[in-house]
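Novice: Based on these hints, arrange chains B, C and D on the given structure of chain A.
Number of protein chains: 4
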Amino acid sequence: MSLALNKKELTAYLQEIFPEVIREFAIETLDVGGITMRLLVENRHLRPGGTVSGPSMFMLADVAVYAMVLSRLGREALAVTTSSSMDFLRKPAAAQDIIARGTLLKLGRSLVVGDVLMFSHGSDKPVARATMTYSIPPVNPPVNPPVKPTP
Amino acid sequence: MSLALNKKELTAYLQEIFPEVIREFAIETLDVGGITMRLLVENRHLRPGGTVSGPSMFMLADVAVYAMVLSRLGREALAVTTSSSMDFLRKPAAAQDIIARGTLLKLGRSLVVGDVLMFSHGSDKPVARATMTYSIPPVNPPVNPPVKPTP
Amino acid sequence: MSLALNKKELTAYLQEIFPEVIREFAIETLDVGGITMRLLVENRHLRPGGTVSGPSMFMLADVAVYAMVLSRLGREALAVTTSSSMDFLRKPAAAQDIIARGTLLKLGRSLVVGDVLMFSHGSDKPVARATMTYSIPPVNPPVNPPVKPTP
Amino acid sequence: MSLALNKKELTAYLQEIFPEVIREFAIETLDVGGITMRLLVENRHLRPGGTVSGPSMFMLADVAVYAMVLSRLGREALAVTTSSSMDFLRKPAAAQDIIARGTLLKLGRSLVVGDVLMFSHGSDKPVARATMTYSIPPVNPPVNPPVKPTP
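Quick mapping for you: the protein sequence lines, in order, are chains A, B, C and D. For the first sequence, position 136 matches number 136 in my numbering, and the numbering has no gaps at all. For the second sequence, position 75 matches number 75 in my numbering, and the numbering has no gaps at all. For the third sequence, position 49 matches number 49 in my numbering, and the numbering has no gaps at all. For the fourth sequence, position 115 matches number 115 in my numbering, and the numbering has no gaps at all.
Bound conformation, chain A alone:
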């Protein structure tokens, strides 16, 4: 088993398709075993008291699993999030980056399930856990195939 996109190719592709979103993230490591992704924490991710917000960690988990799907299936991959479950385990350290370690539990023809454990940078106690499920839409033959105009 190998990667369709390596770390450099994937980073470039994400910058191409999600320029606004992806500048908040950095891929630290990527291989067939999984991904390590960092949320570059800024003020917009924080709640009063300096704690990283739940929606920011949701986005990190979502992006980490989407990145793994692309790394395995390539640029053409279509994938939409269909469900997620998250547990918030501890208060993240104030204003620290969040490090996500993601693995794929299943990479099926129509469903992908990824697991993500998140840590405040510098700590080994998880702050959150997430499972994200992506659906890969079936590729349909066009019902009315495009007709080439006759000259």
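Since the hints were derived computationally from the structure, they do not count as laboratory data. Among the clues, some could well be false.
Identical chains blur together in the list; that is why a pair holds if it fits in one copy or across any two.
The list that follows gives simulated cross-link-like pairs (lysine-lysine, DSBU-like), each with its CA atoms no further than 30 Å apart [claimed, not checked]: (1) K7 - K125; (2) K8 - K106; (3) K91 - K125.
Specialist: Chains B, C and D only, in chain A's frame:
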């Protein structure tokens, strides 16, 4: 059963404690049966194609349940999100506000469970479903109780 | 929109395919809006103290959503549970049947999402909430399409 | 950090409190890092085709996390399941035992979160993943402390 904070009081209180966040939301209705909350969709909530992002809907569900907790328990309420499960059911309509209808399934001493169904404005087909669990931290008696000075 | 199988047909079909399991359940009502299904509580469903066990409520929610899928798609429907989330809200009443009220939030080509609220018989406070997701396996075009005999 | 109950003590205690349930399970390993628990698959756990049923895997995950809670907190521990999320990843091998590997992500004063990965015996591809949350009820001082009868 009655509300500790009505719609007007709750809106004012949320503006006081979360001024940055709450300007993206509007409480439409609030009573003991539940809440209707609107996500005022702006560019920052959108993905390419105009669809509302998953993290934005997560935030809407989280804020809707938190608002219900405050409306029932009052300003002093401490509550932290401990878990969430979400299902993304349909692609939201492009650039439309999202309307959340939230109810509390349980308002216990230590746990609150809220259910939220979300719709694109103007549609009656749900785009997402969420359950958010909040923990109410136990109120501890002080370990060293304050000693009344003897006169 | 109409049902492929009505209550009587669905009950007969479930007895045919799951005779062991289905005798623990009764369909009370069934229409396009949803299902009401009863778990006929016996000793095997109980924990010490007479409370209905978590796995029994999981099974009730799973069967209720599966029954709705069959009622809409008919006997040929293939559907496998791919995920579930449950919240246990209150202790069920001792040795009372559990009544499940299920609705389908989404009936897509490849994914079905059903929501189930469960009550102890005679009470209107929910004891549990469940969301069950079923995957409908893709129907593959035959690898060697049938060849029309030439006359 | 150490265990309040080791494997032998825990097995004996579970047999004492859940004699009916626990004979379907065996603790293979137990330490502060987690538990390995086996579901001793019998006919009652199977669906047509020999596959292990969803409710049986739910029960395995629930028992595995409960056993970890007891092993850490001791016999007096009170803990009730408050939520679960599960993903069913692959069809289990026909009539094979299911092996669960459980770890505690959080062991707090009022909430415990455990993660469980399940495999068909002899395979290293997970068949299911579960997160179970347990609530530890607050210990209240008795409102009216028991009065010692005066002799």
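Novice: So, for every hint listed, does it hold in this structure?
Specialist: Tested hints:
Taking CA atoms no more than 30 Å apart as the test, K7 paired with K125 passes in both settings, with 26 Å inside one copy and 25 Å between copies. Within a single copy, K8 and K106 get their C-alpha atoms as close as 24 Å, which meets the 30 Å cut-off; across copies the closest is 35 Å, which misses it. Taking CA atoms no more than 30 Å apart as the test, K91 paired with K125 passes inside one copy only; the shortest distance there is 10 Å, against 32 Å between copies.
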